[in-house]
Amino acid sequence: MSSSAPALPKTIAAEGRAPGFLNNVRWGQLLIYAVLIIFSLAFLLPVYMVLLTSIKSTAEVDISSMWEFPRQIQFDSFRLAFDQLKIGLGNSLSLVIPGTVISAVLGSINGYVLSKWKFPGANIIFPLMLFGMFIPYQAIIIPLVQFLRTVSLYNSIPGLVLCHVVYGLPITTLIFRNYYSEVPDEMLEAGAIDGAGFFGLYWWIVLPISLPGFVVVIIWQFTQIWNEFLFGVTIAQGTPTVTVALQNLSGSQIVQWNVQMAAAFLAALPTLLVYILLGRYFIRGLLAGSIKG
Amino acid sequence: MSRGSKDRMIAILMLSPSVVLLAIFVYGFIGSTAYMSLTNLSTQMQLSEQLRKAQEKFIGLGNYNSFMTSPLDSRFRIGFVNTLFFTLLFILVCLVVGLLLAILLDQKIKGESIFRTIFLFPMALSFVVTGVVWRWLFNQNSGINLLPTLVGFPAGTFAWHTSQDQILQFDWVNFPIIVSILVVVIVVLPSLWYIVRQRSRIAMFILALALLANTYLLLIAAPGLRSAMVRPETHGFNLALLAVVLAAGWQMSGYTMAMYLAGLRGISEELREAARVDGCTEFGVYRRIIFPLLAPITLSAIIILGHISLKIFDLVYSMGGGDLLSIDMPGMFMWFETYRGFLPARGAAVAIIMLLLVAVVIIPYLWSSLRGEPENE
Chain X
1 MSSSAPALPK TIAAEGRAPG FLNNVRWGQL LIYAVLIIFS LAFLLPVYMV
51 LLTSIKSTAE VDISSMWEFP RQIQFDSFRL AFDQLKIGLG NSLSLVIPGT
101 VISAVLGSIN GYVLSKWKFP GANIIFPLML FGMFIPYQAI IIPLVQFLRT
151 VSLYNSIPGL VLCHVVYGLP ITTLIFRNYY SEVPDEMLEA GAIDGAGFFG
201 LYWWIVLPIS LPGFVVVIIW QFTQIWNEFL FGVTIAQGTP TVTVALQNLS
251 GSQIVQWNVQ MAAAFLAALP TLLVYILLGR YFIRGLLAGS IKG
Chain D
294 MSRGSKDRMI AILMLSPSVV LLAIFVYGFI GSTAYMSLTN LSTQMQLSEQ
344 LRKAQEKFIG LGNYNSFMTS PLDSRFRIGF VNTLFFTLLF ILVCLVVGLL
394 LAILLDQKIK GESIFRTIFL FPMALSFVVT GVVWRWLFNQ NSGINLLPTL
444 VGFPAGTFAW HTSQDQILQF DWVNFPIIVS ILVVVIVVLP SLWYIVRQRS
494 RIAMFILALA LLANTYLLLI AAPGLRSAMV RPETHGFNLA LLAVVLAAGW
544 QMSGYTMAMY LAGLRGISEE LREAARVDGC TEFGVYRRII FPLLAPITLS
594 AIIILGHISL KIFDLVYSMG GGDLLSIDMP GMFMWFETYR GFLPARGAAV
644 AIIMLLLVAV VIIPYLWSSL RGEPENE
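Just so you know, the protein sequences line up as chains X and D, in that order. With the first letter of the first sequence counted as 1, position 258 gets the number 258 in this note's numbering; the numbers rise by one all the way through. With the first letter of the second sequence counted as 1, position 114 gets the number 407 in this note's numbering; the numbers rise by one all the way through.
Hint data in this document are derived by calculation from the structure and do not stem from the laboratory. Keep in mind that this is a model prediction, so the values were computed, not measured. Please note: incorrect hints may appear among the correct ones.
Partner residues are not named here, just some residues of chain D that face chain X (Cβ under 8 Å, in silico) [what the hints assert, rightly or not]:
id, residue
1, Arg301
2, Val319
3, Thr326
4, Leu397
5, Ala417
6, Ala555
7, Leu557
8, Val578
9, Tyr610
10, Ala644
11, Leu648
12, Ile655
13, Leu663
A virtual CB, placed ideally from N, CA and C, is assigned to each residue, including glycine.
When you get a sec, could you build the whole thing from the sequences and use the hints?
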């Protein structure tokens, strides 16, 4: 991320060196680039600080020299941070995979039903389902904990998977419903004439064109589940997820700042990589959250 | 459609597990929380299960009344006032920064995708990561405060999230009156404008609701509070919230930018060109053509950001919010009451208040977004 920022001024400098620069310069354009670059630097500042602090040794981490470059670069803090986050990273990994896959599959089927098999009452049920993605989870978490205790899923990864699947259903259903709405009904009619039923149409016609929908949903759910904190800290303190582990580590006053920053970096890395590699789909999921995306 | 009724049954059958799950986990649990909020349930360890059950009784709106008036519950009111200030400022920052960046990125500039990536990447992070990182940057003797020294200015002294300063102070008994004035400015006047200009029925509905709310606030809540409060209690805008706004704005401005950019890309070049031909200046094109077309996006953004900020928990928690009353929020208070104070009934009451705040913005939004959709069949 941070390596892409310094590349920008160069392109402008190259433009600046072009002959006749002063004659046809568009100061408005320059101003636009200046503002954008200032904002970019501001947005990247925390990233720079994280990396700068992480590569300092404990001896060099001092609040008065926070912005100074270390005399000696070291990567021990990453090793220490990894040791402390290991369990959290593992737990999050074993949570995020089933959580994402199950909610994506259910969302796909729900979206298929709600867009292609409309039934009386569907227009009431769908908004009622959607409301579930906007509620503050504080309003359901007390009964949720009681429920998980009675079914012996409290303080366990399967319990967390259940929560993320259920409360992920509204958004996955929404994304797939909007996605399948774009599929012309004629395609399904043709299949129906050939004798395909509900599952046949899904398997032979809908599923083969669902890949982009699945990519958007999987990225979205992966990011959401990986980054989630309230369920983790309330339901599964015994099996901490990565965000809970990071919070525990930074909440305890004894951990050095270089280790904290390295831990923050490690915790952010998976979702950050997904975003950098598949940003286009990430943005689609983002905009789907505003319903009409 | 010509598909068989047997398959239609299968379709409904396939949807039903999700519907049943959500019915229980959303509506059933909300109902259970709402009921619990009307009791005095306690889960303190010393009490045996039986004793707990025996002590539990229905106390009506007791918890809610206590939050609004009891001298012991000023923490709730601090968080409540904080949420309102935070929400307003957070939305404002995200809208202004997001719109500015979107407009700049829409000027056919080079490296647009790089800029876009930079402005959006914080969205991929957890609020916990954001909180941990910004807490380090907000260190009073370091971090952001040291930045001015890099260019020769004296270091800043603002204590950021640990600041104790408060401005715009008011007495809690005046709170209903202040809210009713805000309702007039933010809701009543704009909806009047929409009614006159476009005869919008939604605006009439919203106006009716706002007038109803104001009647309640001025005729029932204000005198009630005045007689119930035993002593004056000062609240206000805690400057420490600026730190939370900055961190949250850093994370979420890219979101509004993406929404606005998607909107700007939907406005055709012909339309802009037509306006220019008609003699509009570049600024005029924005004022007369583009901003009006972006208005629905602004409304969506306000609602999405508003519901995020009203339920905010993890960012404040990771910035050390448990110990800092000046950045306390209902989400924090709810969690600490329930899981540290072992008073889930009171936690439930906070949660229901949060739910109501969110529902007020979300339900009309869901209703109006889905209403316009055509029905197949």
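Which numbered hints are broken by the structure, listed smallest first? The structure conflicts with hints 7, 8, although it agrees with all the remaining ones.
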